[in-house]
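Asker: Protein chains in written order, with the numbering used here: chain A, 617 to 867; chain B, 881 to 1280.
Hint data in this document are derived by calculation from the structure and do not stem from the laboratory.
Warning: the hint list may mix true and false statements.
[Claimed, not checked] Ranges of calculated distance between the beta carbons of each label pair, as one might list FRET restraints:
id, chain 1, residue 1, chain 2, residue 2, range
1, A, Gly746, B, Ala1198, 54 to 60 Å
2, A, Arg683, B, Ala1225, 56 to 62 Å
3, A, Thr687, B, Asp1275, 20 to 26 Å
4, A, Glu692, B, Ala1225, 30 to 36 Å
[Stated by the list, open to error] Stretch by stretch, here's where chain A covers chain B in the computed footprint (C-beta under 8 Å, at least three residues):
id, stretch
5, 899 to 909
6, 1080 to 1091
7, 1156 to 1168
Glycine included, every Cβ here is placed at the ideal spot set by N, Cα and C.
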Amino acid sequence: MIQLEGVWRTYRVGDSVVHALRHVSLAIRRGEHVAVIGPSGSGKSTLLHVLGCLDRPTAGRYTFAGREVGTLSDEERSALRQKSIGFVFQFFHLLPRLTAVGNVELPMLFAGVPAQERRQRALAALAAVGLAPRAGHRPDQLSGGECQRVAIARAAVMSPELLLADEPTGNLDRAAAAEVMELLEAMHARGLTLVVVTHDPAIAKRARRVIQMCDGEILEDSGALADEGGRRGAERPEGAPSAPSQSGVGE
Amino acid sequence: MAPLEILGFVLAALEGQRLRSALSALGVAIAVTAVILLTSLGEGTRQYIVAQFTQFGTNLIAVSPGKVKTFGVPGVLGGTTHKLTIADAVALRQLPGVEAVVPVAFGQAAVEAGQRSRSVFVYGVNHEAATAWRFRVAQGDFLPPGEASRQGASAVLGPKLARELFGATAPLGRRVRIGGRSFLAIGVMEAKGQLLGFDLDDSAYIPVASAMDMFNQSELMEIDVMARSAEAIPSVMRAIRQTLVARHRGEEDFTVTSQTEMLDTFGRVIGIITVAVSAIAGISLLVGGMGILTVMWISVHQRTAEVGLLRALGVTRATVGRLFLLEAVTLAMAGGVAGLALAFATGAALRAALPGLPLHTPPGSVAAGLLMSLVVGVVSGLLPARRAAELDPIDALRAE
């Protein structure tokens, strides 16, 4: 479903140039559960943003479900996010003025789902994360774990193909984190492709495939080694040393 | 995406900042109130003046002696100035489309009856003055018809003058001395009120020839011609000019003014003043717009994370911009509507407190007030909306 080939993401900060992603090539198939780990600044969030079509590669190709994202317009990428991609953030990103059910309705509001259907689907999504009784509460009346579950309901309500979670447990205690991960994994079990960015090894261990990043490069990709679909990717760890020389050319 | 639902989202966002929203809308409201009240006052004043003048009848054309010219000096270079005479008035009466003609001469004189004396304006007119000026006689009769060039001994008194001179006793048939001459009081007018400081009820009406003789005037001060209808006014004015030029040996040494022209001139002057004053009030609308711009700018800054979220949920740049633009427009329009309400409430309160205050809200100014609010909303919302639309979703998501 996802194909990254030689993707670079370069930022210009003042006079210096920062390479958030250096020649990343990666394939993720439908229904995979992938954890991306690495120290902060390793480019894992940037990778997630590129995967989520929020950011575009500076160089290289990114193909999502057969479409090359780099050539899509803002409208087309927005439509892609709306229909196919769900996001879960570390800080939940709930709108404080809306109730839980209002927050879950939000993606449907902008997708033009009729009000009645919207309410039904939002309540069903909240029930699925065990928060039906809290539907009328505002975020400041909910615990962190509950907020993240509302956010997961919001991400799932449009039935996306891909769910991207950026440190989904980073702001939660152990018990709430476990609950959230169970929810995400249950959604994965129903066929959703799940990519979790984390720096928590315990969270990463729960994934079938772990991609370790450092300095914008993929150091290790357990999934790529495991199957023949990732054979090309398997060369990447060996290919990685060649990247710096390429980056030298790039600069 | 249903516009109504988006409006709901925007309203919820504004309600989230209730005080700030209300205050910024208030700026526009005050401006709209000021514009509406000032235009109402201008329009009210215009209507008041029109009413003041038309109470003396409509379709009036005034002929006055003299003409503003910039060449020659009459009499020196051989040009003769002809006087406006009673004979001129009689000639004008013959013109088609003329309903009444009033030759006018006036001056101030003492009116005495018994031991009482009162100095008032004395108008020399003819019997058609009552018709042309829409005067009604309360008791007795107005001046009798007859040759205008003949002097007469009849006088008609204004109600205030009659009261002052005769008190409770009936004035009809009594003798009054006006300017040292004896007149017979044959009628008393109905109360008419004041016009620009002249108390019409405190005056006397005598035959025009007597007045000219009394005040030692060889010329009429004015001839009032009443046209049969408003449509007839232009043709009557043409006829007046032709007749008088012929009578004055080819010289146009008089001025013909129609009441409509005069009122138009007044209307224009007041209109210009109203527009100028309203424009000054409109500056406060600019200030109101700045208020909305500031509030929206802060709002975009504070809600950066929200913008990031919306973008992640698949809302396009353009829609994000539209949301903030709609927010600004909603604020301004809410202010505009509140301003209208405030203007009407203030107007009603003013009318109750000062019944004489001429206030009349032209429907156009209500529409203009709303339109200006809309424009202010769009203009002040454009910049914040563009800023919101151009936010990088990743940076926006990082803001928390």
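Asker: Each hint should be assessed against the structure and marked as holding or not.
Answerer: Okay, the hints, checked on the actual structure:
1. Gly746(A) / Ala1198(B): 54 to 60 Å: The hinted range 54 to 60 Å is violated for Gly746(A) and Ala1198(B), with Cβ atoms some 37 Å apart.
2. Arg683(A) / Ala1225(B): 56 to 62 Å: holds, 59 Å
3. Thr687(A) / Asp1275(B): 20 to 26 Å: Since the Cβ atoms of Thr687(A) and Asp1275(B) sit about 23 Å apart, the hinted range of 20 to 26 Å holds.
4. Glu692(A) / Ala1225(B): 30 to 36 Å: violated, 52 Å
5. 899 to 909: With 0 residues in contact (Cβ-Cβ under 8 Å with chain A), the coverage given for the stretch 899 to 909 of chain B is violated.
6. 1080 to 1091: Since 0 is below three, the answer is violated.
7. 1156 to 1168: Violated: only 0 residues of the stretch 1156 to 1168 of chain B have a Cβ under 8 Å from chain A.
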